[in-house]
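J.: Mind docking chain F on chain L? Use the hints.
Here the protein sequences come in this chain order: L and F.
First residue of the first sequence? That's 10 in my numbering, and the numbers climb one at a time after it.
First residue of the second sequence? That's 10 in my numbering, and the numbers climb one at a time after it.
Since the hints were derived computationally from the structure, they do not count as laboratory data.
Hints should not be assumed to be uniformly reliable.
No copy labels: a pair is met if it fits in one copy or bridges any two.
As the list claims (entries may be wrong) - Here are the simulated SDA-like cross-link-like pairs (lysine to any residue), alpha carbons at most 25 Å apart as the crow flies:
hint, residue 1, residue 2
1, LYS294, ARG227
2, LYS55, GLU73
3, LYS55, ALA97
4, LYS55, GLY71
5, LYS55, THR68
6, LYS55, LYS70
Everything numeric in this text was worked out from a predicted model, so none of it was measured.
Number of protein chains: 2
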Amino acid sequence: MRENKPNNGARVLATGRAHVLGFAFADLRRPYFAELAHEFSQAASKHGCRVFITETEGTAKGEEEVFADARSGLVDGVILHFENRNGAEVAALRGTTPTVFLGEAEPSAEVDHVSMDNVPAAVDAVNHLYSLGRRHIAFLGHEQGILTRTSALRLESYRQALTAHELPLDPRLEISRSEPGSISAETALGAVLDREPAMDAILCRDDLAAIGTLRALRTRNIPVPESIAVIGWDSIGLASSLTPTLTSVAEAENLAATALELLLERINGHEGPARHTTIRHHINKGESTP
Amino acid sequence: MRENKPNNGARVLATGRAHVLGFAFADLRRPYFAELAHEFSQAASKHGCRVFITETEGTAKGEEEVFADARSGLVDGVILHFENRNGAEVAALRGTTPTVFLGEAEPSAEVDHVSMDNVPAAVDAVNHLYSLGRRHIAFLGHEQGILTRTSALRLESYRQALTAHELPLDPRLEISRSEPGSISAETALGAVLDREPAMDAILCRDDLAAIGTLRALRTRNIPVPESIAVIGWDSIGLASSLTPTLTSVAEAENLAATALELLLERINGHEGPARHTTIRHHINKGESTP
Chain L
10 MRENKPNNGA RVLATGRAHV LGFAFADLRR PYFAELAHEF SQAASKHGCR VFITETEGTA
70 KGEEEVFADA RSGLVDGVIL HFENRNGAEV AALRGTTPTV FLGEAEPSAE VDHVSMDNVP
130 AAVDAVNHLY SLGRRHIAFL GHEQGILTRT SALRLESYRQ ALTAHELPLD PRLEISRSEP
190 GSISAETALG AVLDREPAMD AILCRDDLAA IGTLRALRTR NIPVPESIAV IGWDSIGLAS
250 SLTPTLTSVA EAENLAATAL ELLLERINGH EGPARHTTIR HHINKGESTP
Chain F
10 MRENKPNNGA RVLATGRAHV LGFAFADLRR PYFAELAHEF SQAASKHGCR VFITETEGTA
70 KGEEEVFADA RSGLVDGVIL HFENRNGAEV AALRGTTPTV FLGEAEPSAE VDHVSMDNVP
130 AAVDAVNHLY SLGRRHIAFL GHEQGILTRT SALRLESYRQ ALTAHELPLD PRLEISRSEP
190 GSISAETALG AVLDREPAMD AILCRDDLAA IGTLRALRTR NIPVPESIAV IGWDSIGLAS
250 SLTPTLTSVA EAENLAATAL ELLLERINGH EGPARHTTIR HHINKGESTP
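So that you can see chain L by itself, here it is in the shape it has in the complex (with noise of 0.2 Å):
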């Protein structure tokens, strides 16, 4: 067998330290996921530290196995974004581990929390659609079932949006779907419109859910953004090279170096309370709003 030179393991147990930060989320595939990943990569190697990528697929099973590298000293710390927990519940697991955690889930009293505006800005979203005349505005991309805190989150606040502009709410313009890629969001669509809704916009929950969005109006020619205005959320890469460019909810401030400089803190020793900050957001304009 090859010989391995185990530095590490002398290096680790000299300084106490990795130098390698984990990353925890569900799924690389999900461009939101890659490019948080490579933003949070960035601002680490700045710091002199690694990150360690994690895919938890949004399982339990997955979210614990984080926490079982930074209890083998294989990462200093961990910034998780969770599907399957919410704040008390990763304040248990993590035992000494310092953590961030990242999203939407409900936020515990012991665990550092990066969030981002999801009320503000979905009614901010919504405003926006208002603003331009339209009326029956849907919401399409939450969970069939249980729905994730994020979806929760945005979902009520665009039915709070709509309430305080006196706007109906009707349950067949909240349109779920079976799975968090692209297709489904297209097929749940398609299965909408064939039965002809009065419906002038879209509010997506995520870019994937607007990219199936764009794919099924376009399919039944219904013009973006003339007929129905479209809006997606996370403002992902791609999103400036569709036709039309995508109208998306963006993080305005740097998420990434937000919660890295946190988990340093903890790192480097800070006891004090937890922490939770928000990060704003803005409406960055594309071509299928008009």
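T.: Coordinates of chain F only, in the frame set by chain L:
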């Protein structure tokens, strides 16, 4: 400071194995690499191994870092898609690190190598366009200046296929771009289209180039595939959610699993001569060809 428990150090020292495999490539923001990393992680987990992803940014420095990880014992071996070095240079860099080289760089007699059959793939793609009656076939998306070997192989095979059909080579139909993304492809093609060349098909170097191509054509109201047929390369997940869906050159076999198998054999002590494995292609047909 929080106390890390450096059991990983102890574990590596005891067994000489990290059960972590390095996977290095240029940039996670390119969907082809993010999807390949996902497949590689899935395959590795079946062998009880994790994958440590490194983005080299296509720089020589980034490419050297990968072997430092192996020397320090962080990873047991590496699979790498290099852009700056050929196989002989990698052979010199790697020392005793078990290594599998991915992609089209000049192979070495010393390093295991998995590549795609680029030459027959490009010929097949051109033949497909020819069989549809297309006679003015462009190639789009290679680098300006020095070509990567991937681009060089695909472009040269495209030329050979044209010549085999007794079609003239037209330098105006070899359209390079300034950056790897979709936007530079859109810009490059747009500049050519605005001179109204005779062109009825485009073979793209990769799917990002094809996405930019579809947008350049759509914004000029040039119908795909009626006026210009388009073939991409890589068959990324989103290719089937574009409008039109993309015809694209795809791997017909699991490149990640093949590379993993070769690497695990080396980690387990296989000392034989370098293996050079070629992954077969197929043309994944979509709506962008008739």
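J.: Each of the hints needs a verdict: does it hold here or not?
T.: Okay, the hints, checked on the actual structure:
Proximity of LYS294 to ARG227 under the C-alpha cut-off of 25 Å is found in both arrangements, the shortest distances being 20 Å within a copy and 19 Å between copies. Taking the shortest alpha-carbon separations for LYS55 and GLU73, only the inter-copy value of 18 Å comes in at or below 25 Å, while the best intra-copy value is 28 Å. Taking CA atoms no more than 25 Å apart as the test, LYS55 paired with ALA97 passes in neither setting, with 31 Å inside one copy and 31 Å between copies. Taking the closest pair of Cα atoms, LYS55 and GLY71 come within 25 Å of each other only across two copies (14 Å); inside a single copy the shortest separation is 28 Å, beyond that limit.
In this assembly of identical chains, LYS55 and THR68 lie within 25 Å of each other by CA distance solely across copies; the values are 16 Å between and 31 Å within a copy. Taking the closest pair of Cα atoms, LYS55 and LYS70 come within 25 Å of each other only across two copies (15 Å); inside a single copy the shortest separation is 32 Å, beyond that limit.
Hint violations for this structure: number 3 only, all remaining hints satisfied.
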